[in-house]
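Novice: So the protein lines, in turn, are chains A and B. Going by the numbering used here, the first residue of the first sequence is number 1, and it counts up by one from there. Going by the numbering used here, the first residue of the second sequence is number 1, and it counts up by one from there.
Simulated from the structure, these hints should not be mistaken for laboratory data. Among the clues, some could well be false.
[As the list claims (entries may be wrong)] Only pairs whose alpha carbons sit at most 25 Å apart, straight line, appear in this in silico SDA-like list of lysine to any residue: (1) A/Lys-399 / B/Ile-136; (2) A/Lys-355 / B/Asn-127; (3) B/Lys-2 / B/Thr-248; (4) A/Lys-455 / A/Val-287; (5) A/Lys-285 / B/Leu-114; (6) A/Lys-380 / B/Ala-171.
[Claimed, not checked] So, partial list: chain B residues that the calculated Cβ filter (under 7 Å) puts toward chain A: (7) Pro-38; (8) Ile-118; (9) Ala-122; (10) Asn-127; (11) Pro-220.
Quick reminder that beta carbons are idealized off the backbone N, C-alpha and C, glycines included.
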Amino acid sequence: MKRLLAFSALLANLMLMACATWAQGGGELRFCLRTEPKTLNPLQAADDASETIRYLTGGVLVRVNRLTQELEPELATSWKVTDKGQTITFQLREGLRFSDGTPFSADDVAYTMRQLMDPALHSPTGDAFRAGEGKVETRTLNKNRVAITFPAPVAGLDRLFDQVAIMSATSSQKELAVLGPYYVAENKAGAYLILKRNANYWKKDPDGRPLPRIESIRLEIQTNRDIEVLRLVRGEITFINSIDAEYFDKIVSQDPAMAHDAGPSLDSEQIWFNQVANSPLPAYKKVWFTSTKFRRAISESINRQDMVRIAFRGHAVPAIGLVSPANKFWFNAGLQLHPFDTKSALQRLAEDGFKLQDGVLRDRDGYAVEFSVITNSGNKYRERMAAMIQQDLSQVGIKLNIVTLDFPSLIERITRTFDYEACLLGFVNDELDPDAQMTVWLSSAENHQWNPNQKTPATAWEAEIDKLMHDQASTTDPKKRKAAFDKVQQIAWEQEPFIYLVNKNALSAVSPSVHNVHPAVLRPQVYWNIDQLWLSGEVARNH
Amino acid sequence: MKWARTAAIVFLVISGGACVLANFVAPAPYARQFREDPDAPPSRQHLLGTDDLGRDRLSRLLYGTRVSLLLAPAAALFSTLLAALVGGVAGFAGGWLQRSVMAATDLFLSLPWLFLLISVRAMLPLNVSPIVSIMITFALLGCLGWAGAARVVCADVSTLSQSDFMLLARASGSGGLRLLWLQLVPNLKPILYAQFWISVPVFILTEANLGILGLGVTEPLPSWGGLLRELQGFSTLTGQWWQFVPLTLFVMVVSSFHLVLTKEELL
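Given only the sequences and the hints, what does the whole structure look like? Please build it.
Specialist: And the structure:
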C-alpha cells in the first residue's frame, strides 16, 4: 500500500511538473510598432504595422519559411500550379475554424480571392497577382478543394499566397475573424493593440498540445527608437525586430545574449545618376551620367569595405548587385564585387576623355567634374556614406556636393521635376521573387529611377533587360527564370545604372526570456515563427 | 557680477580668437577622414579624439565654432538693423502706418519659421559649396528674425516720440531726419544692443536645430548644429566626456553672450 501511495505521489509530482513546464507557455510578449497600423483589413495592408498585424493574425494557404526560404503548407496541405502558371489548385485542411468559431472551407478562399482582386479595393497584395487583362476565376471543386485561374501566367504564383490572409465569407466579425495564431482583442488608437491567443488555431506541437504557447501580444506604438531600446534594456518589451547598427552595438556592450545579427538582409543602399533625357541638367552633365564608363569609374572609386566598417560598424556587406546574397535562390553567384581601384577608375575616365589636371578632373570640353548628390535628411547612415563617397571621389579629382533634403522635397525631385544629379537612397526588399522587381527594371516602369516611364527603351541594354524580365515572368520553369534573371543581374552589374553600395545586416535584439527564437533575414525577422515561441516562467508569470 | 561679465568677455575673445586662427591652430583639416581611427578616444594625435568617420574632433570644433560665431553675429546685426528700420519708421510715424506695419509684423511672427526655412532650403540650387550654403542659411535667419525685435523697437520709439525731450526738440525747430538722427537713434542704442545680443544665441540655436534636422550646414563643413547632432540619441550616451565638449562650449558661449547682454542693459 505504501509503495502504491509513493508511486501515486511520484506520478502526481511528475504530472504537476509537466503541467508547470507547459504553464510556462502563456504570458505576454511585448514589442513596439513604429507607427499605428493604417488598416486591420489584411487585404489592404501596405505599411509595416499593418503587415505585422496581418502576419500575427492571418492564416495563409502557404507560408515561406523565413529561414530556409522554402514554401511550406499551412491551411493548404498541397497545391499544384498548372496551365503554365495560370492556374493553382489548393487542397485545404479539413475541420478548421476561424477565431470566432465559423468553419473554414473552400468558399472562404473563393471569397478572399474575390475581395482581393476587386479593383475597387485597391489591394496592394492583389496587385502582385495582376498579370493581364481579365477576371480571376475561382472554382470551389469541393468543400476542401479550390482552383484559381488567372487571365495570364503569374510568375512565382504559389509564393504570392504567403501574403494572402484568408478571410471568412460568413463571419459577422468580417476581417476580425482570423485563422492565424492570434486575433485582435483590443485596439487603443495611437497607444497599443492587444492580440489574444486564437483558441481555434489549427497547429499543435509535436506532443499534440495546442499552439501558440504565448497567451497574448501587446503591441505598443512607439516612434522613438531611443525609448524603444531603453524599454528593451529595462525589460519592458521583449524584442526589437529590426534595429540600427549603433543601437545594436550598444546592446552588445550591455548584454551580448540579447543581440542577434542574422547576416546580410535583402535591403540595399545605392546611388544613381539622373539619366532622364529632358531633365533640366546641362547637356555636358547628361553626357557624363549616361556614360557607362563614367558610372563604372565612380563605382570603382568608392571604398565599400570602409563604408561597411565605418558607416555601418561592420554590420553590413559590400553590395555586389541588385540581388542580395541573402536571396539564396535568385542571387547570381557568378558576379564579383566591384573592386575599389582608383587607378582603374582613372583609366576608365581617361578612355572617356576625362583628364586629371592639378587634382581636378575635367571632361574633354574642359568642364571640371562636380556634381551633387541628394539624400534624405536625418538618416545618419546615408549622410555618413555620402561623406565617405565625397572623400573617395576627391581622390580622383571629383568634387561632390552633398545635399540633404526633407523627404517630400527629395521625392518631388526624383519623380516629378527630375531636378537632381545623383541620389543616394536605399531599397527595402520584402520579396524574394524577381517579379517584385518588375516595377524597377522595366524601362516603362515608374520606379525605373534613373530614367523612369520610358516609351521605348533609351538604350540597348535597357531593351535587353525589358526582354529578359518579361521572359522570366512568362514562364514557370524555375531554371529558365533563374537563367533570365541571372542575365539581368549581369547586365545591371556591367552597366551600373544603380551603383550598389552595401547590403545592411538584419539586426535584432531579443530578451533572453523569449525562447526558440531564430532570427531570419526576411521580415518579420524575429517573430516569423510566432506560434513556436515561448516565454520563460518568470516573465510569463510577471506579465 | 562684474567679474562674471569680465570672464564672459575674456572667454568670448579667446574662443573667437581660436576660431579665427583655426587654420593655424587646428591639428588636422576638418574634413580629413582618418579611417583607421573612427570614434577614437583622445590621444596625442587627436586631442579630443575622432568622430564616427575618423575626423579630428578638435579641428571640427574650432572650424564649427568659427562658422557659428562669425555668421550668427552677422545675421543678428542684419536682423537688428532691419528691425530698427521697420520698427523705427512705424513707431516714429504712428497712426495708420504703425498699425499696418505692426499687423504685418504680427503676421510675420505667426509664420512657422522652421517649415519656411526647410522649404526655402529645399528650393536652393543643389550645386552650392558648403560655405555658400551656410551663408545662405544665416542670411535667411537674418531676414526672418527681425519681426520680434521690430515690435520692441516700435514700442520704444513710440514712447520716445511722446517724451519731453522730443517735444523740446520739436519746439526748438528740429524735425524729420535731424530729429530722428540726433534725438531718437542715440536713445535707441541700448535697446538695439540688447536685441542684437539676444539674437546671436537665438540664431546659433536655430542653426543647431536645423543641423539636428539635417538641414543645416552641408558636409563636410562643421558647425555647432552638426557637432551637436552626435549627442542625439541613446546610442551616444556612452559617458565619454570628449563627446560633450561641443555642448559645453555651446552652453558657455551662449551664457557668455547673456552675461555680456546684462552689461549692455545697464548702459
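Novice: Look at each hint and say if it fits the structure.
Specialist: Hints, verified against the model:
At roughly 20 Å between alpha-carbon atoms, A/Lys-399 and B/Ile-136 fall within 25 Å of each other, so this suggested pair holds. Our distance criterion of 25 Å between C-alpha atoms is met by A/Lys-355 and B/Asn-127, whose separation comes to about 21 Å. Of the pairs offered as hints, the one joining B/Lys-2 and B/Thr-248 holds, with about 22 Å between alpha carbons and a cut-off of 25 Å not exceeded. Proximity of A/Lys-455 to A/Val-287 is assessed by CA-CA distance (about 21 Å); at most 25 Å being required, the pair is judged to hold.
Among the hinted pairs, A/Lys-285 with B/Leu-114 is inconsistent with the structure: their alpha-carbon atoms are about 33 Å apart, more than 25 Å. A hinted pair counts as satisfied when its Cα atoms are at most 25 Å apart, and A/Lys-380 with B/Ala-171 does not qualify at roughly 66 Å. With a cut of 7 Å, the hint placing B/Pro-38 at the interface with chain A holds, because the nearest CB-to-CB distance is about 5 Å. With its C-beta approaching chain A no nearer than about 5 Å, B/Ile-118 sits inside the 7 Å limit, and its interface hint holds.
For B/Ala-122, the shortest C-beta to C-beta distance to chain A is roughly 4 Å, which falls under 7 Å, so the interface hint holds. Contact between B/Asn-127 and chain A, as hinted, is supported at the beta carbon level, the nearest pair being about 5 Å apart and thus within 7 Å. Interface restraint check for B/Pro-220: the shortest CB-CB distance to chain A comes to about 6 Å, inside 7 Å, so the restraint holds.
This entry does not satisfy hints 5 and 6, going by the numbered hints stated previously.
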